[in-house]
Amino acid sequence: GENVEQHPSTLSVQEGDSAVIKCTYSDSASNYFPWYKQELGKRPQLIIDIRSNVGEKKDQRIAVTLNKTAKHFSLHITETQPEDSAVYFCAATNTGNQFYFGTGTSLTVIP
Amino acid sequence: GAVVSQHPSWVICKSGTSVKIECRSLDFQATTMFWYRQFPKQSLMLMATSNEGSKATYEQGVEKDKFLINHASLTLSTLTVTSAHPEDSSFYICSARDGQGAAYEQYFGPGTRLTVT
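Residue numbers (this note's numbering), protein chains in the order written: chain A, 1 to 111; chain B, 1001 to 1117.
Among these hints, one or two may not hold up.
What the hints assert, rightly or not - A partial selection of chain B residues facing chain A, derived with a Cβ cut-off under 10 angstroms:
| id | residue |
| --- | --- |
| 1 | Cys1013 |
| 2 | Ser1015 |
| 3 | Thr1017 |
| 4 | Phe1028 |
| 5 | Gln1038 |
| 6 | Ser1043 |
| 7 | Phe1067 |
| 8 | Leu1074 |
| 9 | Pro1086 |
| 10 | Asp1088 |
| 11 | Ser1089 |
| 12 | Phe1091 |
| 13 | Ile1093 |
| 14 | Ser1095 |
| 15 | Gly1109 |
Calculated from the structure, these hints are not laboratory results. Note that the coordinates shown come from a computational prediction; the quantities given were computed from them, not determined experimentally. The beta-carbon is built from N, C-alpha and C at its ideal position, and this holds for glycine as well.
Kindly generate the complete structure, drawing on both the sequences and the hints.
Structure representation (structure tokens):
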């Protein structure tokens, strides 16, 4: 089955700086890679996703890059704000019927 | 749009009793629903995938006789934790895929915190 690894597990940045979270996956058949933001005690919220036929996708301050050859994808948050503080999860799937999640990154943005 | 509700939001039960958790898609038809378990400060672990009208597919290590899943309609799936024990205490989250929408996108419910005493 798929194995998704995520790094780092914790990340602290100064407000206004950029944050980068990286994930690797093992199954070359995986073709959809979403990123979720989860605030304490709340549901995960999809913030951006990318499909295997695209190398990069951007939505305002958030971007995701995908390297299929190396089997890794990254989340980039620019101009971080305190409200970006949360736990971020990456995930991968090849059928949409099973999602495999990374272990999560706790991001703290220091004002 | 794409709202998923879960009920109850929290429940406390005694060891040995059973607890049912409901997951509903409010404004779309969910052909597939997922059940996850999340321990504090840990990731989401997929427990099972359910498709409307068919038996759920359980992940390795998940006891199907203990965690009963029923996907009775396109808007409702239930998870019943049978003969609950303290080690079953956890945060249970469901999610649903819109059969008419983007192929793989899933929408999460707010979660149910189960405490077994």
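So, going through the hints one by one against the coordinates:
Evaluation of the B:Cys1013 hint against chain A yields a violated restraint, the C-beta minimum of about 20 angstroms exceeding 10 angstroms. With a cut of 10 angstroms, the hint placing B:Ser1015 at the interface with chain A is violated, because the nearest CB-to-CB distance is about 24 angstroms. Of the supplied interface hints, the one on B:Thr1017 is violated, with its beta-carbon coming no nearer than about 24 angstroms to a beta-carbon of chain A, more than 10 angstroms. Hint status for B:Phe1028: violated, given a least beta-carbon distance of 15 angstroms to chain A, over 10 angstroms.
Interface hint status for B:Gln1038: upheld, as the beta-carbon distance to the closest one in chain A is roughly 9 angstroms, under 10 angstroms. Proximity of B:Ser1043 to chain A holds as hinted, the smallest CB-CB distance being about 5 angstroms (cut-off 10 angstroms). At a threshold of 10 angstroms, the smallest CB-CB gap from B:Phe1067 to chain A is about 16 angstroms, leaving the interface hint violated. With 10 angstroms as the threshold, the beta carbon of B:Leu1074 stays out of range of chain A, its nearest partner Cβ sitting at about 16 angstroms, so the hint is violated.
Interface restraint check for B:Pro1086: the shortest CB-CB distance to chain A comes to about 20 angstroms, outside 10 angstroms, so the restraint is violated. The interface hint given for B:Asp1088 is violated, since its Cβ lies 19 angstroms from the closest Cβ of chain A, which is over the 10 angstroms cut-off. Interface hint status for B:Ser1089: violated, as the beta-carbon distance to the closest one in chain A is roughly 15 angstroms, over 10 angstroms. Given hint, B:Phe1091 at the interface with chain A, holds; its Cβ is 8 angstroms from that chain's nearest Cβ, closer than 10 angstroms.
Satisfaction of the interface hint for B:Ile1093 is found here, the shortest Cβ-Cβ separation to chain A being roughly 6 angstroms, below the 10 angstroms cut-off. Interface hint at B:Ser1095: satisfied, since its Cβ lies 8 angstroms from the closest Cβ of chain A, which is below the 10 angstroms cut-off. With 10 angstroms as the threshold, the beta carbon of B:Gly1109 comes within range of chain A, its nearest partner Cβ sitting at about 6 angstroms, so the hint holds.
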